[in-house]
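Chemist: Let the hints inform the model, and build the full structure from the sequences given.
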Amino acid sequence: MLKYCKLNGDYMSIIELENVTYKYNKKNIALDNVSLRIEKGQFVCILGHNGSGKSTLAKIIVGLLEAQSGKTIIDGTVLNEETIDKVRLKLGIIFQNPDNQFVGVTVKDDIAFGLENRLIECEEMLRRIDKYSEMVNMKEFLDKNPENLSGGQKQRVAIAGVLACEPEIIIFDEATSMLDPKGVKEVNEAIRKLKGNRTIIYITHNLNEALDSDRVIVMNKGKIVLDGTCEEVFSQKEILKESSLDILDHMKLIEMIEKEGLNRGKEIENILWQSTYLK
Amino acid sequence: MNDKMVFGQYYPINSWVHRLDPRAKLLSVLILMISVFLIDSIYILLGFLGILFIIVISTRIPIGKFINSFKMMSFVLVLTFIIQILFRKDGDLLITFNFQLTYFSLMIIVVTLLLWLLVSKYIKYFKLLIFLIVLGGLMALQYYTNIWGHIVSYHIDIYSRGLVMGSYVVLRLLGVLVISSLLTFSTKPTELNNGLDRLLSPLKKIGIKISILSMMISIALRFIPTLSLEADKILKAQASRGADFKEGSLKQRIGQIVALIVPMFIISYKRAYDLADAMEARGYIPDNDRTSIYVLKYRFSDVLTLLFDFLVLGLTIFLKVAYAI
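In the order they appear, the protein sequences are chains A and B.
Note that numbering that gives the first Met the number 0 numbers the first sequence so that position 182 is 181, with each residue one more than the last.
Note that numbering that gives the first Met the number 0 numbers the second sequence so that position 195 is 194, with each residue one more than the last.
Hints listed in this document are in silico derivations from the structure and should not be mistaken for laboratory results.
Keep in mind that this is a model prediction, so the values were computed, not measured.
Fair warning: there could be bad hints in the mix.
[Stated by the list, open to error] What follows is a set of in silico ranges between Cβ atoms, one per label pair, in the way DEER data are often shown: (1) B:A271 - A:T82: 18 to 28 Å; (2) A:N147 - B:L234: 18 to 28 Å; (3) B:F125 - A:L118: 31 to 41 Å.
Every residue gets a Cβ at the ideal spot worked out from N, C-alpha and C, and that includes glycine.
Modeler: Listed below in structure tokens is the structure:
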């Protein structure tokens, strides 16, 4: 299922974490001895409830937090004070709050922000802004101010801003959790267009959003508890429940039919109505 | 409301002044302001204002907007004029006004001023003008009447120099006002910030970090509307919980304001933290070189404008020296 490239007898992984531990304080351990390898070009979904350490993991990968112990290797380079500025050029991250990551005064300024930092010439900047704002369907909003945009639009601008820098790895840190259903749909459509080209780490607590990823990692209390394909992970209902994650609607249905047969029609109907597939 | 905060006084039309490079505009403002203060002949000053007037007309920015900015400064203008007239004691003595302060006029003055305090709240237009007329009336009362118990007599001398210097100051301030308003009407704050950044970037060589300053200004401009929206939300939320920001004694009101300031402070801090993360993740390193999406280029019209400015400056210096001899 997974496409590995063999290189010198080792898998070519773009992100490697080795025994990473991060504590906010003595009692509050966000990451507990986590080791992880992510292959190039995969769409990896990291699932976990609030406080499971998934956002800390993202911040460690992009070098915003420094692990107390362990190693982070991005594309063959160990992250440390000296390499961080270089390594960051390969990384892009989209955060949760659409307002707090909008740096520019207009959409155009905001997409250009990362490019300006990378010392890209003006003409190339304009070309990329054109290309990527088209890609996220925000081209007609280039001169708008953020307060005239919806949350979904702001997140799409953030995505365009990250894409314009053409990073190899893009991390979505609960990028849709503060949006209304329409915004979630818009943003997920934009993300879907990226699949296959780049390494994408998609962090969420919503199992439905993990459905079409190549690999799913479930975190709980700072540890990786499940790791595998969608089918493998979603069949482990007990562990998912332990991790305070709700199992998928259709799985609930199957479970119920398995247990009780088809004689509780009313409840089955309710679940169907609630299910995301009917919405 | 938000547009006002983002664009300040910016008046969105496409005039030749709007199209000028912000650096050229900033330099022009500097040079023209120096010229205004160098001119020391009333005729040249009037001529200078005439040229400014033609420029203002040519931009098609409504004159009303300029008059509005005069209104805000009118108190300062009138006050400086009066002070110049009262305290300049050189030149020829033009007129002497003799005033008699009597118990009668003192009573009327006190009553009128009390009335003014009560009524002034309800006067919406020409407040300053009406006040000046009232003041003039009171002075006239002291000039013409001398009944009911004389207290003291005094006189105000008006000297020619006082009048001339008074008009100088007023005309100069007018000139400064027109020039600076022209800049703010025709330039967005972001453009201004860009221009200032580029204009002052040579200061980097002597260790002044202009790029950080201009980044701070641009982020402030970006977050002013966001934070004001947030403040609005908090105000409503606290009001729905029973906080009353409009009534009560001063002490109570200060207490209520805390209910706004504390959450605002926490939210701003959280935002700043998030924003710093986002900026860092997108490769911002303070004080590193950056390119800019806004390429500023001096065009022919900019060069022409700057030439004109230097011409004006040169002419004023020449005239100053010629007159001095």
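Chemist: All hints, please: hold or fail.
Modeler: How the hints compare with the structure:
Remark: the range hint 18 to 28 Å for A271 of chain B to T82 of chain A is upheld by a beta-carbon distance near 27 Å. For the pair N147 of chain A and L234 of chain B, the beta carbons lie near 22 Å from each other, so the given range of 18 to 28 Å is met. One distance hint, 31 to 41 Å for the beta-carbon pair F125 of chain B and L118 of chain A, is violated here, with the actual separation near 57 Å.
Violated hints amount to a single one, hint 3; each of the other numbered hints is respected by the structure.
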